[in-house]
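For the protein sequence lines, the chains are A and B, in the order given. Using the UniProt record's numbering, read the first sequence as starting at 1 and increasing by one per residue. Using the UniProt record's numbering, read the second sequence as starting at 1 and increasing by one per residue.
Among the clues, some could well be false.
[Stated by the list, open to error] A few chain B residues facing chain A, derived, Cβ under 8 Å:
| id | residue |
| --- | --- |
| 1 | F1030 |
| 2 | E1068 |
| 3 | Y1071 |
[Unchecked claim] Pairs of lysine-lysine, PhoX-like flavour, derived with a Cα cap of 20 Å:
| id | chain 1 | residue 1 | chain 2 | residue 2 |
| --- | --- | --- | --- | --- |
| 4 | A | K32 | A | K180 |
| 5 | B | K569 | B | K589 |
| 6 | B | K584 | B | K569 |
| 7 | B | K589 | A | K120 |
| 8 | B | K594 | A | K120 |
| 9 | B | K1078 | B | K1056 |
[Said to hold, decoys possible] DEER-style ranges, computed between Cβ atoms:
| id | chain 1 | residue 1 | chain 2 | residue 2 | range |
| --- | --- | --- | --- | --- | --- |
| 10 | A | S112 | B | E543 | 55 to 63 Å |
| 11 | A | K120 | B | S825 | 32 to 40 Å |
| 12 | A | E188 | B | R438 | 52 to 60 Å |
Calculated directly from the structure, the hints in this document are not laboratory data. Positions of the beta carbon are idealized from the N, C-alpha and C atoms, including for glycine.
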Amino acid sequence: MQRKENETPQGQAASVLVEFLEVAITAVVFLKGVYPSGFLLPSLDSPSSMPFLFFFFFFFLLLLLLLLLLLLLLLLLFDVGKGAFERRRYMNVVVQRARHPQLRYYIHATVSGLLPFLQKGMVDRVAVVFFNTDNVPLEKFIFKLTVNQSYGSSVEGVDLQISLRSFLAKLSVSESLTKKLPPDCRWEITGNFQLLPETGTSKEANFWIPTDTKQWEQPLFITPIRSMSSDPLCLQFYIEHPSLSESSVL
Amino acid sequence: MDSRLSNSSSSTHHSNSKKRKKNATANNTNQKTLGVAWGSKSLSASSCSSRKSPFSDFSSYMAHKNCKLQNQFDSEASASAARKPIFSGVSIFVDGFTVPSSQELRGYMLKYDGRFENYFSRHCVTHIICSNLPDSKVKNIRAFSAGLPVVKPTWILDSIAANRLLSWVPYQLEQVASNQPKLSAFFTLKSSKMSEDTFTNALCQVEPDVQDSFPRVGQLKERHPSEVGEMVEVCRQISNESNDISSKKTDVFMMEEPIGERVICDEEKLAEANSSETNNERNTEGELDPTYQEPSTSFSIPCSDNQNVHQFPSSEATGSSKQCHSTLTDPNFVENYFKNSRLHFIGTWRQRYRKRFPTLSTGLNNGISNSNKSDIKSVILHVDMDCFFVSVVIRNKPALFDKPVAVCHSNNSKGTSEISSANYPARSYGIRAGMFVRDAKALCPHLVTFPYNFEAYEEVADQFYSILHRHCNKVQAVSCDEAFLDFTDAMVEDPELLASSIRKEIYETTRCTASAGIGGNMLMARIATRTAKPNGQCYITPERVDDHLNQLPVDALPGIGYVLQEKLKKQSVNTCGQLRMISKNSLQKEYGMKTGEMLWNYSRGIDYRSVGIIQECKSIGADVNWGVRFRDMKDCEHFLINLCKEVSLRLQCCGVQGRTFTLKIKKRRKDADEPAKFMGCGDCENLSHSVTIPLATENVEILQRIVKQLLGCFYIDVKEIRGIGLHVSRLENADTSKQGTEKYTLKSWLTSGSASVEKQKYHMGHNKHNSDCANCASSHGCIHSQGSSFQIDNKILNIHVSGDPISTPPPLCQLDVEVIRNLPSEVFSELNEIYGGKLIDFIAKGKGKCESSSSLGNSLEDDAATCKEEDLPYSDPIPLNQIFSENKAMQHERVLGSGHGSCSQVTHNSNIERDDLLPSSLSQIDASVLQQIPEDLKAVILEHLPAHRAQDFCSTPAICPGRINQDSVGVDTSKNCPGTVNHALNDSLWAGNLPSWMDKFKDSSCLRKLGEIYHRSGFNSQLSSVLPQFLSEFHHLDLTQEIYDETVNIMCELLKQYVKVKIERDIEEIYICFRLLKRFAVKSQFFSRVYNDIFPFLQAAVDDNYGGSLFMP
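Can you make the complete structure from the sequences, with help from the hints?
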């Protein structure tokens, strides 16, 4: 995380935020279990004990077999058994990282596409939206951002990271707050801009297209997960659910 | 390019080409196809003949007939033994009854190597022979003759008698002659200019040469019958070769006169070529005749000959006879292109104008200071000639005044050239500029078309401007036929009278009509002209502005083009009245900051531009998007070399050098057809590459090298190129950059600029006379007394916006002390040097001054002060201040915004405070403007608003979101009456370091407890952390009924305040608090009441901020 000296505090905050968002969005996707997680992973914790044979002859034979089995098991573990995510460390918290390059790229590209707008404070919120097969949103994870544009003094990146780390920690234990998703669901990242960036003004603006994501008709429920209010960055992280009546219809 | 080649070598080329031609004529099959093409006008003819059924339709029949006649003629011609090639290249068509009969004439043509056509075809006939014409044909001579000369048969007889080809001009049919442009007079005038000795010197040499080359001309014509334009070219080249032309020879060339549509310009070229021949290398000189701005007076003669000869077979091979005018056949294409371009004429006109009226155009700047007297109603006059391009051409032809007339490039039979201007009778037929002649003719069959007459345009434009300058010293030229005049200072009694006298004078001098519009600003004047047209005038008084604008369609506003209009239409905005309904904010959101502001202003008739500000050009370049066709890389490079020359010349004209070079290429789209416009660019992709070099240049060589490199970047097939443009930007003044080391110093930058030196010196001197600060102070005073500071600021804003780079070191007194003091030391020392060390004194004095006014002093007012300083009489716009004026500009903007709101409310304070820049009431502040201002500046402005305003302001949530914490107005009052708990409490309970509620609720036992706990935990901690403790302790308290109610109220109020404070920035905290509260509500009735009371409020607050309700499981 090298940062230029001449960067504005907003710029610094934005670049920290972008990194954080990438991790956090991955964590959300992992949490929701859209992609398979390693199914053979638990099996490692319960090793099977082998019966011991008294006969030497058989002993050697079985030893060989055992070795072969272990090899197979290891192979399985590393190739097949692994899920879509791998464990990584970020800000000293254990986080998940997508293994599939496309998934990783999608998250990375989307979030880094936000960077110029974050710096300008144009982004109102970033949402991770989960849909069912009918493209009706089921659950939204919302990061509501406020970047104080007038904040003048420099930002201590470490402080910001500590605050942001708590988001990740909190997120990992808030599975109970979320709803179970049906199989075959879809998800996407959307950004709510305060005002539409003029296309053509910058190259980045052209990456963003207006979404036609369906909105809930009933008032929605908000479950806050974590908030942070510091200068120049103020971040609210909460989940939006459709109201109960609607969810029963779905 | 070896451009100086002797005549002998060029004549060998001629003989070469002649041989080739003969070979080709002998080739029978080729002849056949040509014949086919000649005979039929329709394209289908050739395809028909390729099919083996010769007489399937009329056109193929005609084709065959023509072919046969041709062959017959050829065989007869070869039979007649001794023939002199008098009429070589001449192909006649006899129309009607002639005195030697058509058969006789045919015989003559046979004898003397001419050609005789039985059927008229524009492609192969060069002369029309007739002795009389019916009236209808005379009227529409162009349609009839297709621009070919109409000559009496005596021409042929006399030519035979003289044993050489005579000029046909004297033999022109009288009926027609009167209708055709009379250029002979002009031509002889020019040629008489030529020096006597070269004349005699060259004559003997020229004589055979021209003789020699002329047959070639004829043959070329034979080969490429449609290459009319090229013929003119060739002629011109010959004229170059011949160094001089006797009047007789001139006539020979004059023969081509009515052929080309570009005759006049070609003549001009010819003449120019002649006159410039004496100084052969004119292009290297860089200095150009100020009246002739067409920078391309160089001709690359022998090279072009080569190319011509080479190219003919190839174009023949492609079977296309339409290659004329393209880069393929015309080596001097670039030059000719720009000579014949109307847009180029208009574009370069400004340069000409500036050279012609140099003192006048720069002298305008002192006008800015004069406009301090802003209480005087400004009077702006906009004068615009009526359909300039047409009316100039027909000004000597009164018969055509009420006939539909249009000006266009070419008048070929297909009508694929575009009309560039049409007069009002023509417009009534629906003829518009940009239309194809073909379509226009369909709308109005008797439309008369004329070619351009740039000579005349220039003459009329000069007359026009000299009249304007005579009447007014503040003239801003918009275009060659359009100008703004500022009569504000002239104290005109009746602007209408003045306008009519100007118009009358224009009409009398130029015989062209002009329209005038008068208004309070440039916008209104322009709009007035629109209604005045044609040949009228209109005065929109300030009172009538609103009425006038209300019904005005939006596209009448300058700056609103097709795209913007369409966008507005989608919003169902068609008139300015409707446009006014939209707020400035949403306009800016929709269309961008500048455009939005412009729309908002213009729809209200507001225009802050002032007359006389000329924008310096940012880039110079040349584009050629017409007739660009290359066969190979060599063609392309040759073309680029010429383009570089052109651009380099233009740079030299403007006296600038550039650092960034951009090459733009139009590449034919893969699926694009041949464009509808002849030789047009059609459907193209636009590609561009640019390069920036460290040292600015206008050198042709360097340019050529750069351009070659750039072209390499495209990796493009040259055959696909349909247009090329070269632009130079990051311009620097040539004079300063020549000074080498001084190039990048501040001084050179300050002292550069085109303003007249004397004037500047005068300013300098003038200001030095008066001692600096005294001048400052007095001028302050006077400006104050002149009142309305808004107007002044607007003026300054204009200066800033327009970025007029007229630069002279500003007088000391105009410098902003604050700015100077904050300059980096090196810049300061440099500036100090420029001012000869006076700057230090100035700073010292300035400090004193600042301190004296420091009671009011803050950055805002300093800015304001500088603004006024800038507005000293005689002051020039100061670039120095421009640099640092960013925040000043911001401030202006604010003032501007407020100005919009209520200009009329500006009051004159007799005891003028420095504060008077600030609007007297909040209503004058444009919130949207304020919002755009950076936070710190906003804070300063808010500070300076009187307290009551500030409060208003802060409570406007749109402007200061999240300012609730600071909003501590009510605290003091509520402190005075502690103990009385009511709902009139302000939003201040949680404000400050020590929340005020702790103070207030001391007497309430339960909340005291809460306060204690809160205190213990450190004040800045959150309520959620103290709440559990409080709640657990709360059980120990027992409350009586009345206290109970009151406590519930207090608690609710407290929580409400807390929600208000936190909801926006910390929803989690709220969530936790209320989860806790809910949990306790199960146990305690007190909390259940509190919870129930507060919950709806909470949900409303969440809904407001997040668009949903908090989920409480």
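Check your understanding: Taking 20 Å as the top limit, are the C-alpha atoms of K584(B) and K569(B) close enough?
Key -> 17 Å, holds
Check your understanding: Hey, K1078(B) versus K1056(B), does the alpha-carbon distance stay inside 20 Å?
Key -> Holds, at roughly 15 Å.
Review point. Is 55 to 63 Å right for how far apart the beta carbons of S112(A) and E543(B) are?
Key: At roughly 57 Å between Cβ atoms, E543(B) and S112(A) fall inside 55 to 63 Å, so the hint holds.
Practice item. May I ask you to test the interface hint for E1068(B) with respect to chain A, counting a Cβ-Cβ separation under 8 Å as satisfied? Key: With a minimum Cβ separation of about 4 Å from chain A (threshold 8 Å), the hint on E1068(B) holds.
Check your understanding: Does the nearest C-beta of chain A fall within a distance shorter than 8 Å of the C-beta of F1030(B)?
Key -> Not OK, violated: F1030(B) not within 8 Å of chain A, min 21 Å.
Point to revise | Hinted pair K589(B) and K120(A), Cα distance within 20 Å | key: Status holds; Cα separation ~16 Å.
Check your understanding: Does 32 to 40 Å hold as the CB distance between K120(A) and S825(B), or does it fail?
Key -> Holds, since K120(A) and S825(B) (Cβ atoms, about 33 Å apart) stay within the stated range.
Point to revise | Status of the hint placing Y1071(B) at chain A (closest C-beta pair under 8 Å) | key: Hint holds; Y1071(B) Cβ to chain A Cβ min 4 Å, cut 8 Å.
Point to revise | Straight-line alpha-carbon gap K32(A) to K180(A), limit 20 Å | key: Holds: K32(A) and K180(A) sit about 8 Å apart, inside 20 Å.
**Study point:** C-beta pair E188(A), R438(B): status relative to the range 52 to 60 Å that was hinted
**Key:** Taking Cβ atoms as reference, E188(A) and R438(B) lie about 54 Å apart, which means the hint holds.
Review point. Under the criterion that the straight-line Cα-Cα distance not exceed 20 Å, is the pair K569(B), K589(B) satisfied?
Key: At roughly 17 Å apart (the allowed maximum being 20 Å), K589(B) and K569(B) satisfy the hint.
Review point. Given the proposed pairing of K594(B) with K120(A), does the C-alpha separation stay at or below 20 Å?
Key: 19 Å, holds
When each numbered hint is compared with the structure, a violation occurs for hint 1 only.
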